[in-house]
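Visitor: If you want the building blocks of each chain, they are given just below.
There are 2 protein chains.
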Amino acid sequence: MANKRMGRQTVKLTRPPSVVSYACIGSKQEGKGPLAGYFDELCPDSFFGKTTWEQGEAAMQERVLSRALHKGGLQREDLDYLFAGDLLNQCIGSSFGLRDFQIPFFGIYGACSTMGEGLALAALLIDGGFAQLVGAQTSSHFCTAERQYRMPVPYGSQRSPTAQWTATAAGCCILGSQGDGPYLTHVTCGKIVDLGITDSSNMGAAMAPAAYDTLSALFQESSTTPNDYDLILTGDLGALGSRIVREQFAKDGVKLGDRYTDCGLLLYDREKQDMHAGGSGCGCSAAVLNGYVLRGMQEGRWRKVLFAPTGALLSPTSSFQGQSIPGICHAVVFSTTKEVR
Amino acid sequence: MANKRMGRQTVKLTRPPSVVSYACIGSKQEGKGPLAGYFDELCPDSFFGKTTWEQGEAAMQERVLSRALHKGGLQREDLDYLFAGDLLNQCIGSSFGLRDFQIPFFGIYGACSTMGEGLALAALLIDGGFAQLVGAQTSSHFCTAERQYRMPVPYGSQRSPTAQWTATAAGCCILGSQGDGPYLTHVTCGKIVDLGITDSSNMGAAMAPAAYDTLSALFQESSTTPNDYDLILTGDLGALGSRIVREQFAKDGVKLGDRYTDCGLLLYDREKQDMHAGGSGCGCSAAVLNGYVLRGMQEGRWRKVLFAPTGALLSPTSSFQGQSIPGICHAVVFSTTKEVR
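Chains A and B supply the protein sequences, listed in that same order. Counting in our numbering, the first sequence runs from 1 upward without gaps. Counting in our numbering, the second sequence runs from 1 upward without gaps.
What the hints contain is simulated information worked out from the structure, not anything from laboratory work. Any given hint could turn out to be false.
Since the list can't tell identical chains apart, any single copy or any two copies may satisfy a pair.
What the hints assert, rightly or not - As a list, the in silico EDC-like pairs of lysine to aspartate or glutamate whose alpha-carbon atoms are at most 20 Å apart: (1) Lys12 with Asp230; (2) Lys338 with Asp230; (3) Lys4 with Glu77; (4) Lys251 with Asp269; (5) Lys272 with Glu221; (6) Lys4 with Asp78; (7) Lys50 with Glu221; (8) Lys304 with Asp194; (9) Lys32 with Asp228; (10) Lys32 with Glu271; (11) Lys50 with Glu146; (12) Lys12 with Asp228.
Take the sequences, apply the hints, and build the full model.
Guide: And the structure:
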């Protein structure tokens, strides 16, 4: 059997799946940010028509899949598999939002790396010949995340300068064995990396080592350098975490340069919107990818994009027990051409 | 591209991966049950040497993987991917237990269907040519589950007759492209099924419709009947849920007969151990499979086994908000011969 791996973590897809459709939705703050024009829906009601925020988050998952299907001219029956997960305990945003679709479902948990994990597995199942159309999606919600990880929003807690703002957003990407691109050409599966950071108000620093680890593996195993990409995006490391990644590569003599940025730095206007270290949450990188980035590729702004969302695999319980924060980063490469180097 | 599907949910693997190694560990109650002799380790200390139960559950994940690697004569570097998840919020049993192994990691969430989901994805990645050795594992812990889903154990809450006992157990299965079997020949990915059950003390009834749905799809799409299997096992439906599955098939004129049972009915002696409706938790089906079942296949007790663990995709929050309980069931078929019909 052919092993399609380029190394320990990276797979080069022999028949790169194509993006067939994508959609993203957000709420009030996302509508005030610089990427507002790239959203398919901006709902000013943070309950999304429901009576609880958790049900609101589930409604986001339902709506973003419906929109992606509609934009692609697809029916729910057309999807062979759906990968989804979110930050809520037991991933109820996904399971409740998607229960009526009747699509074979694989629940995943990668914290804020979920969009990368879902795309990676979707691409592998298509390239392996097991499916023709597979969806990958995720969501996050400021109010459900604050209540679950920190304090209920009405308590009005002070936030530390390193804290990030959990996006109220969802993104869905549908990959297919046929299509006009962008194509998903490489998958790099992350390892869990934990360098001992314990401050759960500084997730960027906790996740940065995982991003550095996965990006290093991708560059090395695929024999590429940052210069081979038009855009390199980590997912929600924010200002501090992305600076750490930049510095780590600089120590190796590798300049990431202007082509590198972080989804958490793109979604909001940090000055005007007072977002501290930037945006975060599964929905942050998912919305940035499934709007701004993929549309930008289709419009010719970038030809080759490295998308590497990062997740912090902690829980409030693990933090209460004094544990450090394990991180993970799953990377995928999108290209406007099928040619794989 | 060849679509390897037999239908909407079932894939027939063209090069069925082999079980290369497996292990299971349990604690005090598991050691008093009828399957005690099939465990690789029975630890009477429910903390597994740690100071909190959550860290104890993580230790179970670490130990069961170490044992499976050791039994297979494998090093951690030999595994191409590892799939794992558990019931704890944000799956910290898996992420903390497995963070030191440095194995490319895909976190999954399928509640008590996790063992089936992990095996399904592991088998697909191997058959697709992306990996040669992949691990799938999960765990559950009575004390962490009680605290998180119901009441802390020291409160001494009364349990309802339909309640099940969350197993303190973990199981790990390593699949490979080479091996002497048993072989994993078919994968049936479940859909989320929710018929409106809201009683979170009656998970068996909530998950039974998902088991019926997935088993029906598998029988139909692979043109098999229950008679084609020597053993059909659902995962932790317990006494009530498994009776519902049996009755549903009887209504269709299909007799499951003696070859059908449930992992939740096997792990404990329900009479002597006072386990109410039976065992449950991700670790229940994982331990039953990765001891009793796989060893039984190797010893010639069964040739063809249908393993279909079931998960309840609820959270305490969704129940507090009056929501019903979505269920899911992922099924895989093991056979002592590679020949696929």
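Visitor: Hint numbers the structure violates, sorted upward?
Guide: Result: hints 4, 5, 7, 8 and 9 break, sorted rising.
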